[in-house]
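Peer 1: Each chain, written out:
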Amino acid sequence: MYATPFRRLMLCFTIFITPSTNLLADTPSDASQKRGLNIAREADRRDAGFGDTSSQMAMVLRNRHGEQTERRMRSKTLEQQNDGDKTLIVFDNPRDVKGTAFLSFTHKTGPDDQWLYLPALKRVKRISSSNKSGPFMGSEFAFEDLSSQEIEKYTYRYLRDEHFDARDHFVIERIPVDPKSGYSRQEVWLDKSEYRVWKIDFYDRKGEHLKTLTASNYRQHLDQYWRAETFEMVNHQTGKSTELTFTQWQFQNGFSDRDFNKNSLKRAR
Amino acid sequence: MFYVSLKAQLRAAVPALLLWTLLAAQVSAETSELSGSVDLQSRWFTQSNLYAEQADNAYSVAAQLDYYRDWDNYRQRLVISAFARIDSADAERSHADLSELYWWRELDDKELYAGIRQVFWGVTETVHLVDIINQTDWVEDIDGEEKLGQPMFSLLSEQAWGTVEIFALLGFRERSFPGPEGRLRDARVVDHDKASYQSSSGKKRIDLALRWSRVLGSWDIGLSHFSGTSRKPILKPVPGNRAPVLAPYYPLIEQSGLDLQKTHGAWLWKLEAISVKQRGDGRNTAVVGGFEYSIFGIADSAADVGLLLEYQFDDRRGRRATSYQNDLAVGARWRLNDFQSTEVLASASVDLDWGTRFLSVEASRRLSNYWSLEAEIRVFDHVPATDPLYTIRNDDYVQLELRRYF
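One line per chain: the protein sequences are S and R, in this order.
Numbering (our numbering) for the first sequence: 221 to 489.
Numbering (our numbering) for the second sequence: -10 to 395.
Take these hints with a grain of salt, some might be off.
What the hints assert, rightly or not - On the chain S side, residues computed to face chain R include the following (Cβ under 7 Å):
no.: 1; residue: H285
no.: 2; residue: T289
no.: 3; residue: R292
no.: 4; residue: R294
no.: 5; residue: V310
no.: 6; residue: D312
no.: 7; residue: N313
no.: 8; residue: P314
no.: 9; residue: K342
no.: 10; residue: S348
no.: 11; residue: S350
no.: 12; residue: P355
no.: 13; residue: N483
no.: 14; residue: K486
Because the hints were derived from the structure by calculation, they are not lab data.
Note that CB positions come from ideal geometry on N, CA and C, so glycine has one too.
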């Protein structure tokens, strides 16, 4: 029932070059890896320095019979200089989890730190962050889809260019570094002018096409930072889907590290 | 009984309310919210009662109300939480509590609390040794996780070397116990009018507590000390009006506590230890430690399973004995991760000295955004006369709870 929100969900990519990759000769595949990395770095560079954000999140979960249910949350994010972001999410709906709050410190390498506040017991509990592929609040978004997308978490490869919706895109492949990831690989579409992510295809551990994410309603904040307001995740294997919307994006809230610790988690409302 | 405690609580809350009224004048950015829930609970006891007045079934309705208000650009807050239950069988279980009524204020690197609060300390699942600020609401649940509000002043300070909290606990809350008609009790009923205290100030004594806590990478560490009236009474048999009753005696204690958790991948390693010195008596030790291990995505599904093992030790004996003096608890939590957040927690504990087995199954499922359903089964098996649980050996029960949030 917990996860981190999309900070620069797919907007930031970095690269993790393994020693063996570096030793490779300058083959075409090496060139495509460099190009993939450069695209990811550029997307990351363009979103760096955003400082902090807050937003309201709403999810509509649908199954193949057309039944649907809703989730509502609020999230805050604080950018870190040399590490992954810190994120705090407070759940509002469904009502049985209202007041539950989730704190996450993402790390560029190694496991994230996560705590959960359980309001009925007034208890903060450190939880395991190794549940990468599990569903977030019963939705089609896995925890790893929602956590801060640090560059070091994938290796990259440029695949091709593609034109649709009146935009030119790069298509890159990224492969999760973490063996606990639920994915063997992802294909990501970024537009060439602003390096925004418009679509991601997810492939499961067996290499089968599992999910497709599409982003829409991008808005630019502070004349620099693009944030999508709508993400639609469709699971092709189960027919289920989740629509996630972010509203009331706010930048420059003046958050500090003290707003993202176990003590402030207890007070989160 | 509950009128008295409510009155005492309100008296203690007056300073907080006064401060709030004074400060609420400088209102700026402000948020407030009122929410709550109502639940219907049925308990069916599957075995016949051991003591004549006890009922076989109990039906009750409970309500919870929560309010908060932020002002002064989120640097000040007022919190109010109230709880009440009406029970068909046990008059003592029909009770109300003002579990929170406090004012919070953020200062530069400090935070001040004044009023009635609930504070939880600790990391383990089966026993909460370190957790001592609040009195246990025993009639609510025998798991020791339901608490009564504690009036206090407390100051919190965040430093580079950890978080320090100091507490002045104003006024003592007595533990709740079932009445004659209630199950899950001793053969003799606890008579609150016969409560006595080691402290000459009785219930008015101001207890003190101090806690330091820190996160160091994958470690969560807490050290605490409590100086004051024990939350756990010694129950002494005394003559009553008709039959013998139990008189609660609350001794003065010094209790030092350690809580530690190491998070490593899917493993959570946990330890809680306390050293308790009762005034005029010896020093005792209690420890609980073990692990929680999670397996995510069972058989390619969305479900996950958490496994739990904890060992409990306590060297308090005689009237101060606990039921977890040398016990092993195991459990499994199965989460479906479906739309309804269906969840089942099964646990069993074995007393390694007496052979007593305690089995518990808890299941919960969301029915809609506003409704949820919980079921609970508790079984006491193989309880020898030497075990403190002997008097509740016939109190196995099945409980259903339907809750509506508003």
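Peer 1: Run every hint past the structure and note whether it holds.
Peer 2: Here is how each hint holds up against the structure:
no. : hint : in the structure
1   : H285 : 11 Å, violated
2   : T289 : 5 Å, holds
3   : R292 : 9 Å, violated
4   : R294 : 11 Å, violated
5   : V310 : 12 Å, violated
6   : D312 : 10 Å, violated
7   : N313 : 6 Å, holds
8   : P314 : 5 Å, holds
9   : K342 : 5 Å, holds
10  : S348 : 5 Å, holds
11  : S350 : 5 Å, holds
12  : P355 : 5 Å, holds
13  : N483 : 6 Å, holds
14  : K486 : 9 Å, violated
Violated hints for the displayed structure, listed by number in ascending order: 1, 3, 4, 5, 6, 14.
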